[in-house]
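Engineer: Numbering-wise, the sequence shown is residues 2 to 261 according to the numbering used here.
Just so you know, not all the hints are guaranteed correct.
Stated by the list, open to error - Distance windows between CB atoms, simulated:
#	residue 1	residue 2	range
1	Arg186	Ala218	30 to 40 angstroms
2	Pro80	Asp184	30 to 40 angstroms
3	Pro161	Glu48	34 to 44 angstroms
It is worth saying that the hints were derived from the structure and are not from the lab. Glycine included, every Cβ here is placed at the ideal spot set by N, Cα and C.
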Amino acid sequence: MSTFEELVEEGASAPVEGWDFSWFAGRATEERPPWGYARLVGRRMAEVEAGLDVQTGGGEVLATIPTPPPRLAATESWPPNVAVARRNLAPLGATVHEVADEADLPFPDGSFDLVVSRHPTMTRWDEIARVLRPGGTYLSQQIGNGTMRELTVAMMGPVPAGTARDTGRAVAAAEAAGLRVVDLREVALRAEFFDVGAVVHFLRKVIWTVPGFTVDAYRDQLRAVHERIQAEGRFLAWSRRFLIEAVKPDDPAGAPRPAS
2 MSTFEELVEE
12 GASAPVEGWD
22 FSWFAGRATE
32 ERPPWGYARL
42 VGRRMAEVEA
52 GLDVQTGGGE
62 VLATIPTPPP
72 RLAATESWPP
82 NVAVARRNLA
92 PLGATVHEVA
102 DEADLPFPDG
112 SFDLVVSRHP
122 TMTRWDEIAR
132 VLRPGGTYLS
142 QQIGNGTMRE
152 LTVAMMGPVP
162 AGTARDTGRA
172 VAAAEAAGLR
182 VVDLREVALR
192 AEFFDVGAVV
202 HFLRKVIWTV
212 PGFTVDAYRD
222 QLRAVHERIQ
232 AEGRFLAWSR
242 RFLIEAVKPD
252 DPAGAPRPAS
């Protein structure tokens, strides 16, 4: 059986580029949302002329679509992920643009029939609305409030849950940008970590769970998590997801006005 130090070193040395989570096989599990985001995106992309994936990561989800539209683009902010995405999406003929998450999108108004985004760090609703064509759709699976809070508390102690990822805020922001929300679903999903190395790798990869995480800064807390896993067989946490779909009205005159 691996020691605490050996497990921590494994988690600390595993590469974090892209959004491929296959490293966790046998070490951690997380339930999948029931709506099947990747399948939804695949079906929608096959029906449009122009599609965009915002904050694509390494392009892992977009790369699974069976039939790409004639024009396909993606954005990503982290340079190592940009290189991975360009490699993964080249077979689809997609262009990948390096764009900061908070920046304007580098596309003309009304460029896309469909914009998608999986787990964006933030959503520029005004830019989504701008690059959508009238009648176009934004489809996004997002991280909900309190996701993996059990890990955050184990590392940082009690912290406020926050409201930045509240579904009500997302709906209000979409409507303020002139979009009409046509679907909204929420779910809580069971996640289990079976060794502390998986915890370390997850915290390095999903950096907003414990901002500024390093092994050295949190070694004592990691040891406590290790001992808990040894005693209980796993560390249990809950991830929260929501699916939001919003449409840009065909008649802009009938749409809500963006907030000033």
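Engineer: It remains to establish, for every hint, whether it holds in the given structure.
Structural biologist: Results of checking the hints against the structure:
no. : hint                                   : in the structure
1   : Arg186 with Ala218: 30 to 40 angstroms : holds, 37 angstroms
2   : Pro80 with Asp184: 30 to 40 angstroms  : holds, 34 angstroms
3   : Pro161 with Glu48: 34 to 44 angstroms  : holds, 42 angstroms
Violated hints are absent here; each numbered hint is respected by the structure.
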